[in-house]
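J.: Now for the letters of each chain:
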Amino acid sequence: MRRSRNTVLSVISAGVFLAILYMLNLNRAGNGMLISIMQKSAIFALVAVSMNLLNGFTGLFSLGQAGFMSIGAYTTAILLIPVQSLDGVYYMNGINPGIRSLKVFLSALPPWFQSVYPFMALIVGALFAAVIASIVGVAVLRLKSDYLAIATLGLSEIIRALFSSPQLDGITNGSYGLNKIPAFPKMFGGLVPPIITPFIVSAVCITLIVLLIRSSYGRAFLAIREDEIAAEAMGISLFKHKSMSFIISSFFSALAGGLLAMYMRSIEAKTFSITLTYDILLIVVIGGIGSVTGSVLGAFLVTASKEWWLRFFDQPLEIFGWDVPLFRTGFRMVIFSILLMMVVLIYRRGLMGTNEFSWDRIFGRFKWKRKKVQGGGS
Amino acid sequence: MKRIAVFLLIALLACQFVFAGGSTESKSGEKEIIIGVFEPQTGENGGGGYQEVLGMRYANKVYPTVQINGETYKVRLIEADNKSDKTEAVTAAQSLISSGASVILGSYGSGVSIAAGDIFLDNEVPAIGASCTNPQVTFGNDYYFRVCFLDPFQGTVMANFAWQDGAKKAAVITQLGDDYSSGLGNFFKRAFVDLGGNVVSEQQFQTNTTDFKSILTNIKATNPDVIFAPSSIATAPLIIKQARELGITAKIMAGDTWENSSIIENAGSSAEGVVLSTFFDDADPATDEAAKFIKGFKPYLVENNQPDIIPAVSALGYDAYLVALKAIEAANSTKGPAIRNALVDVAVEGVTGKIVFNQNGDADKDLAFIKIIQNGQFKFLKTVSVL
Amino acid sequence: MSITTILQHSLTGISLGGAYGLIAIGYTLVYGILRLINFAHGDIFMMAGYFMIFSLASFPWPIAIGITLLITVLMGIAIERVAYKPLRSSPRMSIMISAIGVSYLLQNLATYLFTAIPRGYPEIPLLKRIFRVGELSASLVTLLTPVLTIVLVALLMILVNKTKTGMAMRAASKDFETAKLMGININRVITVTFAIGSLLAGIGSILYFTDRMSVTPFSGTLPGLKCFVAAVFGGIGNIPGAVIGGFFIGIVETLLVALGYSTFSDAFTFILLIVMLLVKPTGLFGEKTMEKV
Chain A
1 MRRSRNTVLS VISAGVFLAI LYMLNLNRAG NGMLISIMQK SAIFALVAVS
51 MNLLNGFTGL FSLGQAGFMS IGAYTTAILL IPVQSLDGVY YMNGINPGIR
101 SLKVFLSALP PWFQSVYPFM ALIVGALFAA VIASIVGVAV LRLKSDYLAI
151 ATLGLSEIIR ALFSSPQLDG ITNGSYGLNK IPAFPKMFGG LVPPIITPFI
201 VSAVCITLIV LLIRSSYGRA FLAIREDEIA AEAMGISLFK HKSMSFIISS
251 FFSALAGGLL AMYMRSIEAK TFSITLTYDI LLIVVIGGIG SVTGSVLGAF
301 LVTASKEWWL RFFDQPLEIF GWDVPLFRTG FRMVIFSILL MMVVLIYRRG
351 LMGTNEFSWD RIFGRFKWKR KKVQGGGS
Chain B
1 MKRIAVFLLI ALLACQFVFA GGSTESKSGE KEIIIGVFEP QTGENGGGGY
51 QEVLGMRYAN KVYPTVQING ETYKVRLIEA DNKSDKTEAV TAAQSLISSG
101 ASVILGSYGS GVSIAAGDIF LDNEVPAIGA SCTNPQVTFG NDYYFRVCFL
151 DPFQGTVMAN FAWQDGAKKA AVITQLGDDY SSGLGNFFKR AFVDLGGNVV
201 SEQQFQTNTT DFKSILTNIK ATNPDVIFAP SSIATAPLII KQARELGITA
251 KIMAGDTWEN SSIIENAGSS AEGVVLSTFF DDADPATDEA AKFIKGFKPY
301 LVENNQPDII PAVSALGYDA YLVALKAIEA ANSTKGPAIR NALVDVAVEG
351 VTGKIVFNQN GDADKDLAFI KIIQNGQFKF LKTVSVL
Chain C
1 MSITTILQHS LTGISLGGAY GLIAIGYTLV YGILRLINFA HGDIFMMAGY
51 FMIFSLASFP WPIAIGITLL ITVLMGIAIE RVAYKPLRSS PRMSIMISAI
101 GVSYLLQNLA TYLFTAIPRG YPEIPLLKRI FRVGELSASL VTLLTPVLTI
151 VLVALLMILV NKTKTGMAMR AASKDFETAK LMGININRVI TVTFAIGSLL
201 AGIGSILYFT DRMSVTPFSG TLPGLKCFVA AVFGGIGNIP GAVIGGFFIG
251 IVETLLVALG YSTFSDAFTF ILLIVMLLVK PTGLFGEKTM EKV
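Protein chains in written order, with my numbering: chain A, 1 to 378; chain B, 1 to 387; chain C, 1 to 293.
Hints in this document: simulated from the structure, not taken from any laboratory. Fair warning: there could be bad hints in the mix.
Listed below are the simulated DSBU-like cross-link pairs for lysine-lysine, each with C-alpha atoms no more than 35 Å apart in a straight line [unchecked claim]:
hint, chain 1, residue 1, chain 2, residue 2
1, C, K174, C, K85
2, A, K270, B, K354
3, B, K379, C, K180
4, B, K189, A, K180
5, A, K144, C, K128
6, C, K280, A, K144
7, A, K180, A, K240
8, C, K85, A, K306
9, B, K31, B, K74
10, B, K31, B, K379
11, B, K251, B, K31
12, B, K292, B, K326
13, B, K31, A, K306
14, C, K280, B, K168
15, B, K251, C, K128
16, B, K335, B, K292
17, A, K306, B, K251
18, A, K186, C, K128
19, B, K74, B, K298
20, C, K162, A, K103
21, B, K382, B, K335
22, B, K189, C, K280
23, A, K270, B, K189
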């Protein structure tokens, strides 16, 4: 009874959200900024959840998300830039002929292929990142937590240096970055308009991750997080599960990277610097390490705040003609940093702690007689 | 306590989505047209971007209204800082579009202009670049125009000057990842080689480099007559000073970005003898508009805590604004596509000369001013036109 | 490449290495005792640069140097008190996130307070006097840096090996819990450690930025990470090792830029890190510690 009520409520709220999106789609020009922020939040929600999978659920402190995102972004971008724009984009040094012929071949394929091609590009980018993760994981996953952090950070920088090196000019356009990346494609032949595509992709991926967490593999991850040695004693293969977590996390980070490339229409290696990883860490920590709902909520909260506070805190503020002295460009980031420190030092569990969203707790709050129930379903 | 905080935050979240939509009504209810200012005000190019913005703001002060269909519209400038960064440029461009801009002015820095070009094109909002000189800004983009000359022209001008000055060997320093720097460096190289010269050393540095000693040591070993180093205002004094410290005596030349007094301030006596090309000279006004501008802008600069030497990019910013206004009037409309079509045929007597656009959207400019740093000041050397 | 060019490049490399060495000591000291990678150390280095700009604007240079170093030390100690002390008994991830948080905060604070436009670093005329030997040319600060580094390291080794405080520091880095039980005032030891680290970072900052003449809020991130790699390379917890690591990375980096592979100069440092961690995790001079189950 409770389970079906929960499912119905979840489906209804998802439907309401979708309806809002369709309504926004009707007035695309006027709602431009709002749609844009929500898309960015959805993409960051996916990265945050994948980072949470690795850091929060498996206890592996990795700071390499930006590197894998860049792999996904660059691969997707290179595959998707239209053939006729190639010379314009690679104007400095020309494009690698092998890549050009591949793209020419792909663009000659029939229309049904072209409509799924963007999604294939996303998946190819993600697979590429997964392969790299599996190779690197062999070396890196043995390390202790602090060394793992800095090794993955270093890995992210190495990837960035590779992408911006003049030697790889023909493929990645070196430091000049790639532009003319097409925007989001529509799905199902127009049933889902282009601006809603990132939400669907993101939601599907997050659902997959949640399913993984709820499976026996997920329980193994949690065991590893709590106590590695005990987990090993219970028969859980440390290397296999850590690897799996690392590879899957990288896969989805790269997919989010590909989505980011489509969102921004123009990327360069500088976009994927260490600061990006710190930004995602901010979201994960504020949302609560170990909570998927927390990461999603955190993503929307932080992204929207950054935009809104840009107009509020960063412009000079006048109250009754008196210039409030602190409000200048950059103030909002200082507030974010202080917020992060406060969460780390005081509100250690972030927004959601390790709890997930559940209808039962909302109802439980209203009926104070009831005992509090943990989690939604078992 | 914590739950209250959580609820508050989620409520804030909901409110933000309302505010984030943004509203653009003018308070007094009078008719308004919005012009977006797309410039860096922080980051590597913040200094130059700010000067360009001052030119636009001053133009807005001098010409605050425009006539559309016989009605007077107030012109409002909305500024967005692209932080000299291509990623931020995308966000800044999007925010300008959703605040209802009919025309965009900017940017200083070809890289960010190229990055945002697609967004302007897709949303059918015409953009007028003031000082972005890289050809790719307008190439293939029907909605991007510019009022300055291009890098192929500028590179040839400097190569000619170097050759006529007697230089046979040149070294080129460019910034990796900066479209302006690499593009201009390339054009100089081609022109210099065409004249018969020899480029003995080509060095590249990464963004945010502050130590040029290794590059300069390599250059010193090849003993060039002249060093061409188009780079940003931030790196200019570093390159100049470190070169002199290493004992390099070759002449140092660069493009329009180096016309900024902070370079003289920071490089001190090492900056003597540096030669650069630029768009404008305040000692010799080309038109009446220019004379009026020079007279009025100098006090405006002082008001804004800037030295009273007029930067060329401010003049270009002023011209870009004039062009926008003329096009809006000719189009009699606030809609992007109409203004764009008007821009194709517009002709303006600007501060930097006569401005007419060719089919690529580039201004037909064939005049460059060469200046040299002497006695701690920019001194006009000569005008060059390449026929 | 001619001999002169190679020598000139070596000068640049050694000078850079010296500055890196000074910063690396801060990392190795803190990690030795607290097992914490102080991500904020690089940003303390950057803030010291800004402090110097402002002090030099108002005071003559000897006093300005003194003020800058004092403020840097105070800042380092304050960061430890506020951000690391409350988390000493928390899981490692929390304290590392705290370190990243402080780093993030310092960068954003600097961007807000000093704007992100690169600021010119003022000259100390004495330090910038140019010396010429034949074809070689260098300013005093380039020559001074490695010398000063070695002198300071020697002084530090005397402090660590011959004084009571030094003995306390060594004890705490060998075994934190036991040191506490033996009556060593751990808080004082940690404060002294951070003070020394910040002082050296401040000196390194003055030498580094005088040579480079420009500071941005992000000037500290990458050098900071590289110096941590230097510390790992030399053996974490080993001071002379950290300095040697610093010189090694400084020289190789300069070499790579000289040869034209500037994009890889940063990547090289991290490749070195990964290789070290795989092949010899204890570093060149480190000691093997047993992982107790």
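J.: Look at each hint and say if it fits the structure.
T.: Hint check:
For the proposed pair K174 (chain C) and K85 (chain C), the alpha carbon gap of about 19 Å is at most 35 Å, so the pair holds. For the hint pairing K270 (chain A) with K354 (chain B), the CA-to-CA distance comes to about 39 Å; that exceeds 35 Å, so the pair is violated. Restraint check: the Cα-Cα separation between K379 (chain B) and K180 (chain C) comes to about 70 Å, which exceeds 35 Å; the hinted pair is violated. Distance restraint check for K189 (chain B) and K180 (chain A): the Cα-Cα separation of roughly 28 Å lies within the 35 Å cut-off, and the hinted pair is therefore satisfied.
Between K144 (chain A) and K128 (chain C) the alpha-carbon distance is near 44 Å, which puts this suggested pair outside the 35 Å criterion. About 14 Å separates the Cα atoms of K280 (chain C) and K144 (chain A), which keeps this hinted pair within 35 Å; it holds. A distance of roughly 40 Å separates the Cα atoms of K180 (chain A) and K240 (chain A); the hinted pair therefore is violated under the 35 Å criterion. With a CA separation close to 30 Å, the supplied pair K85 (chain C) and K306 (chain A) stays within the 35 Å bound.
Proposed proximity of K31 (chain B) and K74 (chain B) is supported: the alpha carbons are some 6 Å apart, at most 35 Å. As the CA atoms of K31 (chain B) and K379 (chain B) are separated by approximately 45 Å, the hinted pair breaks the 35 Å bound. Distance check on the hinted pair: K251 (chain B) and K31 (chain B) sit about 54 Å apart at the alpha-carbon level, beyond 35 Å; violated. A distance of roughly 18 Å separates the Cα atoms of K292 (chain B) and K326 (chain B); the hinted pair therefore holds under the 35 Å criterion.
Only pairs whose Cα atoms come within 35 Å are accepted, and K31 (chain B) paired with K306 (chain A) is accepted, the gap being roughly 31 Å. With a C-alpha separation of about 53 Å, the suggested pairing of K280 (chain C) with K168 (chain B) is violated against the 35 Å cut-off. Of the supplied pair hints, the one linking K251 (chain B) and K128 (chain C) holds, its CA atoms being roughly 22 Å apart against a limit of 35 Å. Simply put, K335 (chain B) and K292 (chain B) have alpha-carbon atoms about 31 Å apart, close enough for the 35 Å limit, and the pair holds.
A C-alpha spacing of about 47 Å is found between K306 (chain A) and K251 (chain B), which places the hinted pair above 35 Å, so the restraint is violated. Proximity of K186 (chain A) to K128 (chain C) is assessed by CA-CA distance (about 62 Å); at most 35 Å being required, the pair is judged violated. Taken as a hint, the K74 (chain B) and K298 (chain B) pair is honoured in the structure, with Cα atoms around 25 Å apart against an allowance of 35 Å. As the CA atoms of K162 (chain C) and K103 (chain A) are separated by approximately 69 Å, the hinted pair breaks the 35 Å bound.
With a CA separation close to 42 Å, the supplied pair K382 (chain B) and K335 (chain B) exceeds the 35 Å bound. Distance check on the hinted pair: K189 (chain B) and K280 (chain C) sit about 48 Å apart at the alpha-carbon level, beyond 35 Å; violated. Simply put, K270 (chain A) and K189 (chain B) have alpha-carbon atoms about 27 Å apart, close enough for the 35 Å limit, and the pair holds.
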